[in-house]
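Student: Chain A is already provided as a structure; the job is to place chain B on it using the hints.
2 protein chains.
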Amino acid sequence: MKQSQLFTKTLKSLPKEEISINAQLLIRAGFIDKLMAGVYSFLPLGFFVLKKIENIIREEMKNISAQEILMPALHPKENWQVTKRWDILDVLFKLKSREEKEYALGSTHEEIVVPLTKKFILSWKDLPVFIFQIQDKFRDELRAKSGLLRGREFIMKDLYSFHLDEKDLDDYYKKVSDAYFRIFERCQIAEKTYLTLASGGTFSKYSHEFQTISSAGEDIIFICQNCDLAINKEIKEEIKECPNCGSKNFKEEKSIEVGNIFKLGTKYSQPFGLTVKDKNGKEKPVIMGCYGIGLGRLMGVIVEVWHDEKGIIWPSAVAPFDVHLIQIENTQKVKKTAEKLYKDLQKKGVEVLYDDREDKTAGEKLVDCDLIGIPIRIVVSEKTLKRNCVEIKRREKEKIKLIRIRYLPQFFKIKNQKSKIKNI
Amino acid sequence: MKQSQLFTKTLKSLPKEEISINAQLLIRAGFIDKLMAGVYSFLPLGFFVLKKIENIIREEMKNISAQEILMPALHPKENWQVTKRWDILDVLFKLKSREEKEYALGSTHEEIVVPLTKKFILSWKDLPVFIFQIQDKFRDELRAKSGLLRGREFIMKDLYSFHLDEKDLDDYYKKVSDAYFRIFERCQIAEKTYLTLASGGTFSKYSHEFQTISSAGEDIIFICQNCDLAINKEIKEEIKECPNCGSKNFKEEKSIEVGNIFKLGTKYSQPFGLTVKDKNGKEKPVIMGCYGIGLGRLMGVIVEVWHDEKGIIWPSAVAPFDVHLIQIENTQKVKKTAEKLYKDLQKKGVEVLYDDREDKTAGEKLVDCDLIGIPIRIVVSEKTLKRNCVEIKRREKEKIKLIRIRYLPQFFKIKNQKSKIKNI
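Those protein sequence lines, which keep their order, are chains A and B. Start counting the first sequence at 0; every next residue gets the next number (numbering that gives the first Met the number 0). Start counting the second sequence at 0; every next residue gets the next number (numbering that gives the first Met the number 0).
Simulated from the structure, these hints should not be mistaken for lab results. All the given hints hold, so there is nothing to weed out.
In the BS3-like style, the derived pairs of lysine-lysine whose C-alpha atoms are separated by at most 30 Å in a straight line are: (1) Lys335/B x Lys61/A; (2) Lys392/A x Lys382/A; (3) Lys174/B x Lys1/A; (4) Lys266/A x Lys93/A; (5) Lys174/A x Lys1/B; (6) Lys253/A x Lys50/A; (7) Lys61/A x Lys33/B; (8) Lys166/A x Lys1/B; (9) Lys334/B x Lys276/A; (10) Lys281/B x Lys1/A; (11) Lys1/B x Lys61/A; (12) Lys278/A x Lys334/B; (13) Lys100/B x Lys15/A; (14) Lys335/B x Lys278/A; (15) Lys278/A x Lys1/B; (16) Lys33/B x Lys283/A; (17) Lys339/B x Lys400/B; (18) Lys339/A x Lys174/B; (19) Lys1/A x Lys166/B; (20) Lys15/A x Lys283/B; (21) Lys100/A x Lys15/B; (22) Lys95/A x Lys100/B.
A few chain A residues that don't get close to chain B, going by computed Cβ distances all over 10 Å: (23) Ile18; (24) Thr107; (25) Lys335.
Note that beta-carbon positions come from the ideal geometry of N, C-alpha and C, so glycine has one too.
Chain A with its partners taken away, still in its complex shape (with noise of 0.2 Å):
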């Protein structure tokens, strides 16, 4: 894409009220942009980051046979009613039509997918089933200050594992966890995730959070030194040694909640009468499981991880393009051989955000090249190119490579459509 064409713009100023590092940068870079506390837009380049995270925690559902659907925001009274948690939950959104008829807005969908999996589910040759959506969430946050961390509308991908026993659900739960951590991997912030014991609800003991370690989390955690399961603080009382390995030495850190994890047993099946015979003809009501990953939130994560105190860093595998293409001073020359490459690298597969905007000066592409944060900068100017060279500099390090621009192609090795991009 040429920068040129982009409508958006980094900005100087920002909403006077935004205190969280990941909003403010990515205000600024112009990749959301503020309605109003908690609810946010996704300009361009923000939409670009929401799909390449869509795609990867889409890829690894489908890896654990998890089917996708997508369900309604708008959900009846008499849903909510059956569970009780229309008084209970005090984040539920309500409102009436018209007619007067009442609505909640869904902040999550238990409600919804079980009635819905009712009519299909009908004996125990019918289990297990996996569906998953990604889609708007809303929640009545009383605070809502974090940026993309805490969001009264947010895009959630949750899914619903329904199966006949609990072996089965404990094997399921288990392969969740695996993916959770393999879309943590591609999104560069597994290393600084940790699978925690949370309380519970009805069913296991404990449920699992997936906490990623960052000074602008609201939680706080203890990490076991011997093994590394954590523990959320709101249990560590009633937990004096580490569950998994005995061990009780551990760390505080303050952490982000990435993903969750319950074993719902048969809490929402039963007051639905979602039933199945087993195989000796008894009735019993169906075991679940839910699981929840924030993409706004995952977003936000990924730049309190990965920014500096010139922008975000994004990992290659959710950055908006993989490479910022500079074109310094604005000659025949230089803008020719910026226009050459930024087709030769589009033509392999690399995706390529060209700036040829002729208003900017140097300092200025450069400052909102560091802000925007693509993996690689290539910067094509009059004095190297009397060398036939362009210069080459990872986002994340400090060294600037001189590289012959024929040369160049060979550092953009494509397979599948991605582009892998050597180290420089």
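Tutor: The following block gives chain B in isolation, referenced to the frame of chain A:
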């Protein structure tokens, strides 16, 4: 995909109040589920179709240089007060937070996109701007009895354009109109779809709708028998002869609106103060257009146009799969052959739904196949295997052909990962 793994099934019973053909067929075939009047879930088969429609629309939007963003559904009351539509728009859902803050649920996004673009459109040099989103909309409809044709919650592509002058708007307006016809062409409803004059609003005398002829339609249009321009009944009184060619020969038809395009002029830019200095330094409000297509509605229209008494007949570009491969009898030989064909076709990039269910009769499978409506049916049975053949049939044709298995792959020529299917 193996049909035995699909969590949905075809259904015999229907929600009793479901009177529209599109919803009846889509529910029975397992594409959608009705949560309440005007609110549906997309199940795996329906989700595949939705994604194909989404990709067609996205491609055509990119072809006309539109940039994709994603705006929220939750809107602050203040924005809707600026345009006075908070009080006027009767389909607007309104709600309050716990802290008594008032919101609207977006039924359209002028109130959000104008203040958003105002942050980036600072000079005439920043124009034109074209931005679109594919996003969930909400409308408090009194009537919602037409299945996917009229929803209380529905996915819409909304495009907004921003221009310095009317000429530039007119040029782009024409481009969008052409893009819309390409979309309808790819969805195979273009032959029945007419550009239609409708009541205009503020800026131009008329707006334009795209109306598809259908007995399920809630609109009535008059089609000029000379030049094919249509006129919506609501303005037919004031138009005696075709404004395009002067003919007075019209044919009356029932129709469904599948898209609309509006010249908004300065109706929304003015109240939000979205102005630029023109080349002479004179401050002037930005001129806008807006352009909508409902994705679910488009799916519903396709079903209304493309079905018979047995079920849906999907146009190939939006079909959930290219081929429905059916194994009749569950002998080792049939299963082995079907399994191999399933893999071979997938390797060629052909999307296959493989009916490997062993608890269904041949009759049940063929009835389901016609209901689901995938373009090509391939049947593997003992009878034809004796002659090293399988049966192949197009959904919309009666004729069944026998084809030698080894010639089958040649029927599928692949280009750009999309299957091109020879005439059979």
